[in-house]
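Enquirer: If you want the building blocks of each chain, they are given just below.
Number of protein chains: 2
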Amino acid sequence: METITQIQQHIQKSLADLNWNKQPLGLYQPIGYTLEAGGKRIRPALLLIAYNMYNPNWQTATDAALALEVFHNFTLLHDDLMDNAEQRRGRPSVHIKWNPNTAVLSGDQMMIEAYKLLQNLPAEQLKVCLTLFNQMATEICEGQQYDVDFEQRNDVTVEDYMEMIRLKTAVLLATALKMGALLAGAPEEDAEALYQFGTNIGLAFQLKDDYLDVYGDPATFGKPIGGDIACNKKTFMLITAFHKADTKTRIELQQWLACTNKEKKIKAVTQIYNQLGIDRICEEEVQKYTQKAIANLDFISKKGVNTEALRSLAEKLTARNK
Amino acid sequence: METITQIQQHIQKSLADLNWNKQPLGLYQPIGYTLEAGGKRIRPALLLIAYNMYNPNWQTATDAALALEVFHNFTLLHDDLMDNAEQRRGRPSVHIKWNPNTAVLSGDQMMIEAYKLLQNLPAEQLKVCLTLFNQMATEICEGQQYDVDFEQRNDVTVEDYMEMIRLKTAVLLATALKMGALLAGAPEEDAEALYQFGTNIGLAFQLKDDYLDVYGDPATFGKPIGGDIACNKKTFMLITAFHKADTKTRIELQQWLACTNKEKKIKAVTQIYNQLGIDRICEEEVQKYTQKAIANLDFISKKGVNTEALRSLAEKLTARNK
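Sequence order for the protein chains is A and B.
Take 1 as the starting number for the first sequence in this note's numbering and just add one per residue.
Take 1 as the starting number for the second sequence in this note's numbering and just add one per residue.
Rather than coming from a laboratory, the hints here were simulated on the basis of the structure.
Among these hints, one or two may not hold up.
It does not matter which identical chain is used: a pair holds within one copy or between any two.
[Stated by the list, open to error] Pairs of lysine to any residue residues, derived as SDA-like cross-links and limited to a Cα-Cα distance of at most 20 Å, are as follows:
#: 1; residue 1: Lys265; residue 2: Tyr215
#: 2; residue 1: Lys116; residue 2: Thr138
#: 3; residue 1: Lys116; residue 2: Val128
#: 4; residue 1: Lys233; residue 2: Trp256
#: 5; residue 1: Lys233; residue 2: Asn101
#: 6; residue 1: Lys223; residue 2: Asp209
#: 7; residue 1: Lys22; residue 2: Thr138
#: 8; residue 1: Lys265; residue 2: Thr240
#: 9; residue 1: Lys40; residue 2: Asp63
#: 10; residue 1: Lys22; residue 2: Asp160
#: 11; residue 1: Lys234; residue 2: Pro24
#: 12; residue 1: Lys22; residue 2: Asp149
#: 13; residue 1: Lys264; residue 2: Tyr215
#: 14; residue 1: Lys233; residue 2: Gln271
#: 15; residue 1: Lys127; residue 2: Leu117
#: 16; residue 1: Lys223; residue 2: Asp213
#: 17; residue 1: Lys116; residue 2: Cys129
#: 18; residue 1: Lys116; residue 2: Lys127
#: 19; residue 1: Lys22; residue 2: Val148
#: 20; residue 1: Lys97; residue 2: Met82
#: 21; residue 1: Lys22; residue 2: Arg166
Same shape as in the complex, but just chain A:
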């Protein structure tokens, strides 16, 4: 088995080998800029790890892995445009460094580049992989639309929220694992268990992200603490707080959401979360989905497949403090 570090180094090198210094520069340079910005390359790593569990020639699946990473970065590029987020990984977003039209068109081309990487797959596996990829791409757009819709709604339930983050975040991790397994020739039931593992770990990951947005260490989290509270984002924590609060606290919470002093608002809402034990509830949910994910791996382990790499990755993703 390859180590995760070896796989991640291979991904970095393969991404760097893609040439974006070509005409028309106005179309391709923003793609190169977006892809060189870094990130943990979790999605392509998951695909190659899953492949490696069933077939030692994991480099064979590089183009499929890169397709997922390019598609993921395309979604970030268009999301930043739609959210008018000025920064991404400490650098100006594409619509800021260039302009909104460039973000639209280079983003479109980036999605096409993901499909171009897929066209390199073996002909006999292409139909299954393209179908899986299209399903994932559709669900990510649906998740993004629900995320937008939720801003205008006051009746979002925990179930609605979990479904939204499943679509927007978890499906991509799940698809990476399933596609890697299928490309390596794994049994269908293993590929399905890995899909479930990816879904559960994705949900745990996003809930942990919501938790860290409130309770993270400002020195290591990478984003300002309290961002979700500041913009009234209907996360698991806020929805649960409304659900758990008595009438008096609910009114209090509602009033704080209307407060324009961000610093005071973040402090007060966090205080209410503390009172209601939302931090503990959220951590329990992270644990719940992590345990479900581990159970998915146990199913595969019992058949004699080595799942160590995914177990340690699951540990890292959900026990992280940044």
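Keeping the supplied structure of chain A fixed, place chain B upon it in accordance with the hints.
Expert: For chain B alone, coordinates are given in the frame of chain A:
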């Protein structure tokens, strides 16, 4: 052989059968709105006509034909956003009727829908068709980028312009024909000749469009006459006018381009075109590319393939007055 009318009716019906009334509505309704707006459905018709030239079961290729039509409409949706064009086919554009973010996200989903239609192709033909489709999609984005770049440049040659419209317009017609032929099992050299026919007829079509933008009948053209002149678009006609003009006329033309009175400007520039015979030169170019296209068909006709449908379509597209 099916008639073009029968094929176009089949396309209309197949497009209408796609269901966009699904959740989340905010994502899918703008796609339905865009596709129901009409248009001549030339691209899917070309694919099915090419298929029908080699195989009577042309309905088999419906999903491939729809993929091209959906992709084409996706490009119109994002182009209208980038150009801030408020209308499309007499109705508000998506970014006007909804908002710019909806245009971005529903446009993205529309591109994915095109790839979802492709996934239905027979597994043994998918790799070739996906590769062809991706190449086309890339070239359309490159064409759009060159079109944007040309606005800032003063050294655009006729060759540059022809290459830009080849990428932005002709490649999609060429790909439709080639894909239809390949799906029907046509010989590679026939598919290639049809690709060349599509390219030449696409160039003739766009030059005719540029011509009609100046010399068309306002009652039938569908867009206001002189739009290209009003916004200083570097079309074949304007580039050729600068090339043919003597120094005095060139200075005069340059001055008129800076004029803010659109009506006067359109009249004056048209007058210069008339003096220089640009109308005749443009019509000759349309004829030149139409003849090249006909020669591409002759190559196939000699092998006993019936090319009548494409001949009559070529006639319609380039002899049109609207």
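Enquirer: Next, verify each hint and record whether it holds.
Expert: Here is what the structure says about each hint:
no.: 1; hint: Lys265 with Tyr215; in the structure: within (15 Å within a copy, 63 Å between copies)
no.: 2; hint: Lys116 with Thr138; in the structure: both (18 Å within a copy, 9 Å between copies)
no.: 3; hint: Lys116 with Val128; in the structure: both (16 Å within a copy, 12 Å between copies)
no.: 4; hint: Lys233 with Trp256; in the structure: within (13 Å within a copy, 53 Å between copies)
no.: 5; hint: Lys233 with Asn101; in the structure: between (27 Å within a copy, 18 Å between copies)
no.: 6; hint: Lys223 with Asp209; in the structure: within (11 Å within a copy, 51 Å between copies)
no.: 7; hint: Lys22 with Thr138; in the structure: between (30 Å within a copy, 13 Å between copies)
no.: 8; hint: Lys265 with Thr240; in the structure: within (18 Å within a copy, 64 Å between copies)
no.: 9; hint: Lys40 with Asp63; in the structure: within (17 Å within a copy, 38 Å between copies)
no.: 10; hint: Lys22 with Asp160; in the structure: between (44 Å within a copy, 17 Å between copies)
no.: 11; hint: Lys234 with Pro24; in the structure: between (41 Å within a copy, 18 Å between copies)
no.: 12; hint: Lys22 with Asp149; in the structure: between (39 Å within a copy, 14 Å between copies)
no.: 13; hint: Lys264 with Tyr215; in the structure: within (16 Å within a copy, 65 Å between copies)
no.: 14; hint: Lys233 with Gln271; in the structure: within (17 Å within a copy, 60 Å between copies)
no.: 15; hint: Lys127 with Leu117; in the structure: both (14 Å within a copy, 12 Å between copies)
no.: 16; hint: Lys223 with Asp213; in the structure: within (8 Å within a copy, 52 Å between copies)
no.: 17; hint: Lys116 with Cys129; in the structure: both (13 Å within a copy, 12 Å between copies)
no.: 18; hint: Lys116 with Lys127; in the structure: both (14 Å within a copy, 11 Å between copies)
no.: 19; hint: Lys22 with Val148; in the structure: between (35 Å within a copy, 16 Å between copies)
no.: 20; hint: Lys97 with Met82; in the structure: both (15 Å within a copy, 17 Å between copies)
no.: 21; hint: Lys22 with Arg166; in the structure: between (37 Å within a copy, 19 Å between copies)
In terms of the numbered hints stated before, the structure departs from none.
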